[in-house]
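K.L.:
Residue numbers (the working numbering), protein chains in the order written: chain A, 1 to 584; chain B, 1 to 278; chain C, 1 to 302.
Among the hints, erroneous ones may be present.
Selected chain C positions facing chain B (in silico; Cβ < 10 Å) [as the list claims (entries may be wrong)]:
no., residue
1, VAL40
2, ILE45
3, TYR75
4, PHE79
5, PRO82
6, PRO100
7, LEU101
8, PHE105
9, ALA167
10, MET229
11, ALA277
12, LEU286
13, THR287
In silico lysine to any residue, SDA-like type, Cα no more than 25 Å apart, as pairs [unchecked claim]:
no., chain 1, residue 1, chain 2, residue 2
14, B, LYS134, C, HIS37
15, C, LYS121, B, ASN263
16, B, LYS93, C, VAL290
17, A, LYS446, A, THR244
18, A, LYS73, A, GLY38
19, C, LYS121, B, ALA253
20, B, LYS134, C, GLU262
21, B, LYS93, A, PRO414
22, A, LYS446, A, PRO414
23, A, LYS73, B, GLY179
24, A, LYS150, B, ALA253
25, A, LYS73, A, SER37
26, C, LYS121, B, GLY64
27, B, LYS93, C, THR93
28, A, LYS397, A, GLU315
29, A, LYS446, A, GLU315
30, A, LYS73, B, PHE18
31, B, LYS93, C, PHE79
Interface residues of chain B toward chain C, partial, derived using beta-carbon atoms under 7 Å [stated by the list, open to error]:
no., residue
32, LEU34
33, THR116
34, TRP123
35, GLY125
36, LEU148
37, PRO229
38, VAL233
39, ILE234
In case anyone wonders, no lab produced these hints; they're calculated from the structure.
Positions of the beta carbon are idealized from the N, C-alpha and C atoms, including for glycine.
For reference, the chains in residue letters:
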Amino acid sequence: MSITLDQVTKHYGGVPVVNDVSLDIGDGEFFVLLGPSGSGKSTLLRAIAGLSGVDHGRISLHGRDVTHVAARKRGVGLVFQNYALFRHMTVADNIEFALRVRHMRGRARRQRRAELLRLVSLEGMDNRLPAQLSGGQQQRVAVARALAHKPEVLLLDEPFGALDAKIREELRRTIRQVQRELGITTVLVTHDQEEAFAMADRIGIMSQGRLLEVGAPHDLYARPATRFVATFLGAANLFLARRTPDGIQVGGKTMGGAERAPGAPEHEVVAVVRPEEVEVAPARDALGSRYLGHGIVDEVTFTGALERLRVRLDEAVRAPLLAAGDGDGRPTLQVTRSRHAYRGFEVQQGQSVAIGLRRVHVLPTPLSSFTACAQSAPLADELSRQPLLTELVARMKTRIAVRIEPSLGVAEEPCQAQGEFFGTTVIAAAGDNVGRAEWLLRRGVKDLLVLPEHAAPPQRVLIHWMSEAARSATLAMSASVLRHVPAEAVYVGIFPGNSDSERHSHGMRELLDARSEAQAAHGLEMRTELHFGDVAQELTRRLAEAPAQMLILGVTELRQFADSFRTLLDGGRWPVLIVQRGAT
Amino acid sequence: MSFRKPSVLPGFGLTFGFTTCFLSTIVLLPLAALVLSAASMHWSDFVRVVSSPRALGSYRLSFGASLLAATINVVFGFIIAWTLARYEFPGRKIIDALIDMPFALPTAVSGIALTTVFAQNGWIGRYLEPLGVKVAYTWLGVTLALTLISMPFAVRAVQPALQEVQRDLEEAAETLGAGRMYVLWRIILPTVLPALLTGFTLAFARAVGEYGSVIFIAGNLPMKTEITPLLIVIHLEEFDYQGAAALGVVMLAISFVILLAINLLQAWGRRRHVRAAH
Amino acid sequence: MGTAAARAGGALMAAALPHGAFADDAATRPGQHTWMHAIVRWLCITVSLTFLAAVLLAPLATVFAMALAHGLAAYLHGFTDPDTLAAIRLTLTTALVVVPLNTVFGLAAAWAIAKFEFRGKSVLITLIDLPLAISPVISGMVFVLLFGLHGWFGVWLQEHDISIVFALPGIILATMFVTFPYVARELIPLMQQLGNDEEEAAITLGAGGWMTFFRVTLPKVRWGLVYGMVLCNARAMGEFGAVSVVSGHIRGLTNTMPLHIEILYNEYNFVGAFAVASLLTLLAVLTLIVKTLVERTGYRRR
């Protein structure tokens, strides 16, 4: 492996700007780190270059551990966004800089310089000063300079940011060509998804310091695993759908989708439909794909090769459409049609059309939406305005439903609100949290968040499950939460009794298993800790150590849960997310 | 081509007229008097005055001490500007603001204060005296005073050059394999050089004409510790207006040369970044 | 043009990292010889502080130490001396005349230079910068040459019994000569940088010249104006060389505060001299405070 990152973490002022990033980049691969500004991608690149230290983790280049090696000894070449050419030196001197530092002789230097100038198509520019060159030419010089000393790895930090569109494309091609010719492992950082698609062998998407997904451009586009990636890599329509034994149901209509675990109860999922996979037709019969419902065309935009529509679904179509950052009123369905399609069936604003979905991709994330549950309407209202909750909802681009249960917590009383529980239920922490939690968990709630008033976004999330049955679900929920909250993830393994060598090694094995499952199955990087003693006590102790923490607890046996965690929960100091799976 | 480009804004006549009037009465007229006064001398008299041993001694002191002071200021100014720009330490902001103090402080105050501090029994003078270093009433004192009053010019000229986005260049150099000393010598100093030169020239220009802060600490012995401006004052007190004017013209000529040098230096600094391709 | 865009891009990138990130990075960069770094840092700070202490802080402290050497009573007594009071009055009067006049000049010159294109502009700017390059002694001398007893107008003035040199008018003229560039030098680049767009918009909306000036231009440049006036004032009150030549040193009549300090010092009245000096020092400190406050409002020189 050419570049290996292992749980690389960097903090700035207490916030993890790069959060447990692990990555393997192969020899000669062109890897693109893609993400919005503030996602930590530039910081990560600088850490690889050695310009910034890391607080935790390891960086290896070609098998050599370089975590504590100075930048100048790492053998990397770095190209900056604003070129960073030495203005008082000519192009020739700039390119030869690395060679002069290594005491290369004059003739050899000149030869290499000529070679590099040819490589970036700048022959003859030897004696120019940077100020006499255009932006694109300066960037080429920067690339040539970075390659002079034959580095093992080429790093580019948003190199095209300061250039015009045309030059950008030209340079993209040049760099790709140079990279192929030299076979050098390359990492490019950008926020431009088009650029990433055009250049990458594989793309790694970062958000809030975490590496969310890694894959070939095509795979990431067609089968994203997270909401963020789905909406970042292109337009996407997000639906709250239901997974049933018959398949995926959107707005009550089955859209296919093979059933993976027959017998599993119905639950809510998030479905992604790309605009180009939505079909519109004059009537239901004219549709080639599965019918969803009818809608009114709100907006028609012509862009030459394509036509973009915004369609407002009829009220009757009960398909909750999640807003993808539009911000105005009810979200509209985005549709993209090719020239072939729009010439076949022309639409105008205000027209009613039949809508069909060709392909629905379900996100494997378990956290689909939130339901605020309280004993009265005002209480529920207040709950749904809690800062942590609103922040999570905004970041996950989902919604909060409200459910009034007047007899919440009163034993033996049934649920009074209609319908089943779906999504993640939220209750306010206010005395007898265990009682109310148990009440809900016995009546069909699978995921429950106990939220203290004015809880701050956590800086650390502790994860624990009471038995193996709940492990997978707890990890899946944790992964989902941690994708949207920049916090440190720690799995706390607690075993009863005292620590002795046999128990200790057994415990360590459990931790390793947990960690590799988290990584492999859920894309979650987490730290692990081993404790011995009483579960609730240890967790309470750990939580009390620092402010702004959150606990995610996997629960199987409700009676055991209620007994053990009464003090921890009733204290009501920290947000606790309870994940119930397996048995009752 | 006409005198000025037409413009939609009013007030040119008024403001331009007022400005030129003001300048003429306050600046041009008096300067003309100076030049004409000197011109009305016989050439031989002129030469006698400006090249008398006493005058020559004063040039040596004025210009020599100014050169030395400017050099000291450039060296320490670089260190100070570097420290302020790169390091955090308690009181940094206050020190940064205090750099301008010599600019705001009246020269007479600096003069008596410096003299007191460096006199034989002064706070610092008393430690230097046993070492045989006499500061007050010697050329050393003159240099010290000139260093104080021209210090802000050197520091303020270098500071922006150091604060500019140098970090990228230094990081680039480091990834290319350069060590810290190499970076300092080959990257930082060359980029800062124009600012250093400007700082030097500004400090020198200010020091050459300085009067108030120097006459207290100088001792004012003719040909030893007498600066040229003092010599001019002495001529005036003896009502030798022409002699004073002659010396004044010499100083003016040198000031003009310095001004010209500053402008040329700055233009050269800008141009060297755009050398004709060749 | 590419570099301007590059600089803008660089600024964006710099904004993404939190403040202080660079210093943070440099310190935590792997492979650095932290002990060497620490030594260099310590050395730089020590050298800088020592230099500044000797050259700057010690003299400042001395002023107050010497002024209060014989106690607060002696310090305050120094100000009851009639000559001292006269000197203070004279300095204040001079400043009161010089600063407003120079401000008006500065505004007029800045308007003429920043708003219009005409030939000889650079000559005008050089002339404005002139007094800063001339020794203060010469600045005073030129007025003696004009208005002194043997000067150009000397005889005429004597006949009409008008004294300029060795009297208040001379002091005012010399101080004006030395301080007039300050306001102009702040305003000219500022107004050039701010451009004419807003004023032109005002004119097209029907405003007259004066209204445009007072309602549009003045508010835009107010911090630069304050800055320039404060500097002008500090220099006007503290000017020594030029005034020394022109004033004649007549105690109680033509001695400004700096001149009076010289007299007191030469008479070995150290407490008195430093007492007056302490007033001027406080003024300097005040000037620096105003300067810092103005810079906080976002006004940056050049």
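K.L.:
The structure should be examined with respect to each hint, and the outcome stated for every one.
P.N.:
Results for each hint:
1. VAL40: 9 Å, holds
2. ILE45: 6 Å, holds
3. TYR75: 16 Å, violated
4. PHE79: 16 Å, violated
5. PRO82: At 20 Å from the nearest chain B Cβ, PRO82 of chain C fails the 10 Å test, so the hint is violated.
6. PRO100: 13 Å, violated
7. LEU101: With a closest approach of 9 Å, the LEU101 of chain C hint holds.
8. PHE105: Holds: closest Cβ of chain B sits about 5 Å from PHE105 of chain C, inside 10 Å.
9. ALA167: At about 16 Å, which exceeds the 10 Å cut-off, the nearest Cβ of chain B leaves the hint on ALA167 of chain C violated.
10. MET229: 13 Å, violated
11. ALA277: Status holds, d = 4 Å.
12. LEU286: This hint holds: LEU286 of chain C lies near chain B, its Cβ roughly 9 Å from the closest one there, short of 10 Å.
13. THR287: Holds. Min distance 4 Å.
14. B:LYS134 <-> C:HIS37: 36 Å, violated
15. C:LYS121 <-> B:ASN263: The hint holds at about 15 Å.
16. B:LYS93 <-> C:VAL290: Distance of about 15 Å is within 25 Å: holds.
17. A:LYS446 <-> A:THR244: Holds. LYS446 of chain A to THR244 of chain A sits at ~16 Å (cutoff 25 Å).
18. A:LYS73 <-> A:GLY38: Given that 25 Å is the threshold and the Cα spacing comes to 28 Å, the pair is violated.
19. C:LYS121 <-> B:ALA253: Holds, at roughly 22 Å.
20. B:LYS134 <-> C:GLU262: Cα-Cα ~23 Å, so holds.
21. B:LYS93 <-> A:PRO414: 67 Å, violated
22. A:LYS446 <-> A:PRO414: 17 Å, holds
23. A:LYS73 <-> B:GLY179: 10 Å, holds
24. A:LYS150 <-> B:ALA253: 57 Å, violated
25. A:LYS73 <-> A:SER37: 29 Å, violated
26. C:LYS121 <-> B:GLY64: 35 Å, violated
27. B:LYS93 <-> C:THR93: 34 Å, violated
28. A:LYS397 <-> A:GLU315: Roughly 21 Å between the alpha carbons, so the hint for LYS397 of chain A and GLU315 of chain A holds.
29. A:LYS446 <-> A:GLU315: Distance ~29 Å between LYS446 of chain A and GLU315 of chain A Cα, so the pair is violated.
30. A:LYS73 <-> B:PHE18: 66 Å, violated
31. B:LYS93 <-> C:PHE79: 34 Å, violated
32. LEU34: Hint on LEU34 of chain B: holds, closest Cβ of chain C at ~5 Å, below 7 Å.
33. THR116: 5 Å, holds
34. TRP123: 6 Å, holds
35. GLY125: Result: violated, 10 Å to nearest chain C Cβ.
36. LEU148: 5 Å, holds
37. PRO229: Hint holds; PRO229 of chain B Cβ to chain C Cβ min 4 Å, cut 7 Å.
38. VAL233: 6 Å, holds
39. ILE234: 11 Å, violated
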